[in-house]
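Residue numbers (the UniProt record's numbering), protein chains in the order written: chain A, 1 to 89; chain B, 1 to 113.
It should be emphasised that the hints constitute simulated quantities derived from the structure, not laboratory data.
There may be inaccurate statements among the hints.
Derived lysine-lysine pairs resembling DSS-like cross-links, with alpha carbons at most 27 Å apart [claimed, not checked]:
id	chain 1	residue 1	chain 2	residue 2
1	B	K27	B	K81
2	B	K81	B	K109
3	A	K63	B	K8
4	A	K51	B	K7
5	A	K33	B	K27
6	A	K51	B	K90
Bear in mind the structure is a predicted one, so any value in this text is a computation, not a measurement.
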Amino acid sequence: MSVPRARLLDLMRARCELFATTFNPEGIRTGNKILRQRLKGPALASYYPRKIVTFRQFQDAFKPLELEVDNEEEIDRLEHIAAYATLFP
Amino acid sequence: MSMFRAKKLDLGCFTNIRVIRDHSKRKAYEAAEAERQALRYIVRNTTLPARTRATAQLQLTQMHCYTRPTQIRNRCILGGKGRGIFSDFKMSRYNFRLQALAGNLPGVKKASW
Numbered sequence: 001m002s003v004p005r006a007r008l009l010d011l012m013r014a015r016c017e018l019f020a021t022t023f024n025p026e027g028i029r030t031g032n033k034i035l036r037q038r039l040k041g042p043a044l045a046s047y048y049p050r051k052i053v054t055f056r057q058f059q060d061a062f063k064p065l066e067l068e069v070d071n072e073e074e075i076d077r078l079e080h081i082a083a084y085a086t087l088f089p
Numbered sequence: 001m002s003m004f005r006a007k008k009l010d011l012g013c014f015t016n017i018r019v020i021r022d023h024s025k026r027k028a029y030e031a032a033e034a035e036r037q038a039l040r041y042i043v044r045n046t047t048l049p050a051r052t053r054a055t056a057q058l059q060l061t062q063m064h065c066y067t068r069p070t071q072i073r074n075r076c077i078l079g080g081k082g083r084g085i086f087s088d089f090k091m092s093r094y095n096f097r098l099q100a101l102a103g104n105l106p107g108v109k110k111a112s113w
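Given these sequences and hints, build the entire structure.
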């Protein structure tokens with residue numbers, strides 16, 4: 001018992017309508033698979049953790065309370081430079 | 001390429017030039033992704049005239065290499081290394097081991113049987 005091709009095509013067309021896919025019985029390459037792909041840019045771009053807050057912003061947040069926060073790394077750096085300046089004037 | 005680089009450093013992890021470069025490439029790819037996919041669609045669509053497809057292919061190849069997804073490589077967020085990265089943890093195998101032994105990775109423990 002064979003089913004005529006026209007009937008099969010009708011079935012295929014109905015199925016495509018139902019599931020919102022493109023009707024393409026000859027299997028022509030229309031590049032639709034590119035359009036179906038999800039965009040992966042946002043996921044790739046968020047790979048590295050972003051800088052949330054800088055030390056300067058941290059210091060500024062405490063300024064209204066008249067509290068001073070020392071940036072030890074910055075102090076170390078300045079001391080290092082000062083030491084060099086005294087060694088090689 | 002410096003035109004893709006952020007004017008102010010926006011990374012919170014370990015940074016060296018390779019990490020910054022990779023980050024710039026990721027952002028460049030994100031910005032150009034829609035255009036690339038559109039061109040790729042035109043190239044793959046056999047129902048379009050051959051000339052359109054050829055020009056689309058040319059445009060795609062002439063885009064800046066930073067907008068290519070194949071330029072992106074996962075790097076270690078603790079040491080910037082480019083090889084032996086566990087993508088689940090974004091860490092190189094040695095840093096992963098150190099962090100896992102220190103108990104900083106939830107759910108990871110040393111196998112023993």
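(message) Of the numbered hints stated earlier in the document, which are not met by this structure?
(response) Result: no hint breaks.
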